[in-house]
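Student: Residue strings, one per chain:
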Amino acid sequence: MNPEILARLSTYSHIVVAWIGDDGYPVQTPALFSVDGDRGEVRIARTGLPLPTDREVNIIASHIRPTPGYGYDERRYILLWGRLSAAGDEMLLRPQRAWGWDEAEVPFFEYAERSNPRARRYLDIMSRERGAPVKPRLSLLWTFLVATRLPFLTAAVVPILLGIAVAARDGYFNLGLALLTILGGAAVQIGLNTANDIFDALSGADEANVNPTQFSGGSRVIQRGLLSLRQMISLSAGAYVIGIGTGLYLVIQRGSLELLLIGLAGVLISFFYTAPPLRLVHRGLGEVAVALGFGPIMVLGAYVVQAERLSAEALIASVPVAILIALVLYVNEIPDRRGDASVGKRTLPVRMSAGAVTAGFLASALLAFAIIAVAAATGVIPRPALLALVALPLVFKVYAGIKECYGKPYELMAVMGKNVQLHLVVGALLFAGYMVSVLLTAAFDSPPGVLV
Amino acid sequence: MSAMRKEDTLSWIPEAVEELLKKALVCELTVTGGKGQPVTHPLIPLWDGKRIYLTSSVLFSKKLEHIKRAPRVSVAITDPVACGGLRARCSIQGDARVVEDDPHETWTQVLPLWRAKEPAIDLFLGKRFALPLFFERSVIEVTPRRVYWWEDGNPAALPEVALPGEAA
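So the protein lines, in turn, are chains A and B. Take 0 as the starting number for the first sequence in numbering that gives the first Met the number 0 and just add one per residue. Take 0 as the starting number for the second sequence in numbering that gives the first Met the number 0 and just add one per residue.
This is chain B alone, in the form it adopts within the complex (with noise of 0.2 Å):
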């Protein structure tokens, strides 16, 4: 496989987003669709300080077929009751890409940040003959572009924005 990157801290990245980050439970991953729409899945993001990970299974791949073409996406987190009831909401621009180098085994290499947030994965897991397609994943890497993001969770507020070179 194509080793997923592995590089410094994103330090730019603000701390409450990183909150956020490493908390979320659900995340809604918006990417561009063949009719060049945007299409949103709810998907549960995974944070190694560096990038943002989310799996896909093949089961449910359209996504990755959208990724392949047209790489730049945007993850926002903005349920409260997701993240442990961190009240800051973000949205975060950055670019895509598609590991699955071997779909029965790539993206094993996030297990341990999936299993951090859904400790269940473990039950399901010892179950795979039962979904074995559930078990054939893509990882999708998300490199930080651009993170707009509220402090206090408030919509209507203009947001902050954070871009790679700046202090977080």
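Bound conformation, chain A alone (with noise of 0.2 Å):
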């Protein structure tokens, strides 16, 4: 027995002793123990019900804190197999068999995912027991919202708005292609997540991961029952024929080659970000790939919907939107590393120390940030994107995060949320600026150039 075990054992107040009676009933008794740690046993004090040796034992030592208004904490627990043998007027045990759980070194969020097959498993019982499946369920749009992660389609609203905004300053704006846009940018960001899901399905590495978190380890409705894997994969292929359909249609109304070439380049990398046989994020390009997907291809995509011609300027402003949202994947893959190098998903966190993570991570974001300092001093963007300088502080605080909260997959979720909120923030203040060099050109003949 290891000896650990035991030495946790010794931090209880009292086990129950329990086995099975002559008639079928389980005979449980309370008792006062201590351990003999050198002789790997368990010294059970007298007890007013005689204790058994003609049989197994089993005994618990169990902890709660009560928390008023709350329920409880602190939940641990150990068990201890095997058979009692008379030491005067005590028992002992030398266990045989162990298991406990203690969620201040496994977190329950943790412990019910490790146990994901075993709720498989007995679904799978119950359905046979039924002749009919029985499976979890979730409402349908909560499904919908889960499996496609819909509230992180920020990721893909915020670049095509941005470019919106640098085609309305540059004077082309037209509505109902702009809603179009959006809808294609958003399918196929729903076709990437729902696709990814599926491969990692299929290479394990969303089964290995047992700490996901909302930001984190994919929507894990196959892992857990919600949608089967042709069910997803119907989910993704619609998603990919509405964003590929409507981008389509977007090419032939404004009849641009460049707009052809993007968006096909977009899907291209949505769809080889997970799948075979390129697996883009697999090979520690994931970065890259969301990047440019997120943001010169988004930017400059809605761009061309609306001009009908490529920019410098839209090139520019994307880029300090693609290395955000690249930061919010590269943070997103640290609680993952574990799982996904278990299945040779070599991403970035996977392939680097903690330190140079943490400190890519404060070099990319305060990059991004110097480019839109300089980009708007130098006016090559408007002056008024200078208000996306604001979400400065956000910067320090993930990063401080990062560093506290590294190996801490559920600390790390504030963290990530942060995180994202930083790519949402930024890309809001940039389309501000934007919206406001819009609006002052149209209020004045010719506004003063230090405010446009």
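Think of the hints as simulated: they come from the structure by calculation, not from any bench. Hints are supplied without guarantee of correctness; some may be wrong.
What the hints assert, rightly or not - Using 16 Å as the maximum straight-line C-alpha spacing, the simulated EDC-like pairs for lysine to aspartate or glutamate come out as follows:
hint, chain 1, residue 1, chain 2, residue 2
1, B, K61, A, D123
2, B, K67, A, E128
3, A, K134, B, D101
4, B, K49, B, E104
5, B, K116, A, D72
6, A, K134, B, E104
7, B, K49, B, E18
Join the two chains into one complex using the hints; note that each chain is given alone, in its own frame.
Tutor: Now the structure itself:
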């Protein structure tokens, strides 16, 4: 018996000894005890109910801390099995097997995630008992939201709005085409999100990841039995059909070869992000793929839909947003790194040390802000875009959070949330900067250059 | 669903044991494992004056398989810290049945009893989308058959025993 287990047992106040009585009912009695770590024994003090020596017993030591108004926390327990032998007034147990859980070491969410296979097995048993499938349920809306990771569509919407804003400043704006661009971009992102889940399920990456959070580890709808692989494939294919169909309609409407090439690049990057043979994210190219897809491709694509030409300004404006969305992926990969490594998904946090990952975040985020500052100061992008610098403190909050919570997936969740916020806020402020510039230009025949 | 049974209060359950059942935030449920061995699980006990209800997520469902195979179980309440300082201790043998007509909904019948002991359950329930399998649950309904109890909590003492048909 591992001495560590007995050392832990000694911290509990009492145990319950259980065995199966002759009538088939389990018998339980509380008992006081001591641990002899050197001999690997549990010494159980005399109990009012006589303890058996002719059969296996199970002892449990369990602890909770009541928290009024909440319930309880600090859940932990240890189970031991073995046979008892008499030693004077006491009984001795040399445990043969042990089991236990301490939520301070294995957080409840991880414990639950590790138990997914057991849940699927039991649902299968229930299905066989009833002769009809028993599946976990969520409402259709929740299932759709979770499976598509809909709240994260900001990744596509932010750069598309920015591209539209750049075009508006150049005097081009068509509301219908703008809405179609958003629809197409969002559909491709849903296709990407669901394809990512499909290929991670097939490779085993999501199953191997026992620390998923709302930002990382995929949607888990396949692992949790909410949707089958086939249903996810249908969802993904449907999203791509809508995205590609919308894109083709826009290409036909605008007759733009540039738009066709940009859209094609976007769809290919999106699909081969996790799909073989390229599997970009497995090769440490996930960040580059995401930066390109949710940066220049979305911004330029949205610009070309409006203006029917390419724009150096749109390209430059897309770079900070591209860096920040790549950093969303980069930080979200931190808690996934063990699961990813186990299936050969060599993301940057898998390849790099904690210190390098943290420093890489800070350097990249500061680069994004530096580009905004220089581009706005030199008039490459409108000066009101300097508004985006207001978000700079968020960079340091995320940086400090990564440093502090690097090895703690669930505590990192708040940091990942802030990092998503960083991308969203900077994108929104850049958009706002462009809108201010557009309004000033509209309001004044020749507004002072320092303002626009 | 086959509704959980509703009968009169089990008057033979000693008052001290009823108090423990009402207050305990954790109990130890022992079932007979697949190889005939005892297996114990810490769970939150719910008491409606007639039966003990325990709930189990499909995530942690081994005990449900065991109970379906061997429905004789025992429930111990032994931790004064988890019982609002009550010193008494008890173990209750009983017959269990697994109620799981609709694992998505059936267990919500005992939600008021659960909520009374663990108000935080509503927070988790509000995030059901994040823990969908945790809320696919079965109810373990235990009908008491014999009660051992230690009024002063001293396990070295011979426990008192209560059986059905005896006045508490």
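Student: For every hint, state whether the structure bears it out.
Tutor: Going through the hints against the structure:
no.	hint	result
1	K61/B / D123/A	holds (13 Å)
2	K67/B / E128/A	holds (12 Å)
3	K134/A / D101/B	holds (10 Å)
4	K49/B / E104/B	violated (22 Å)
5	K116/B / D72/A	holds (13 Å)
6	K134/A / E104/B	holds (13 Å)
7	K49/B / E18/B	holds (13 Å)
Violated hint for the displayed structure: number 4, the only one.
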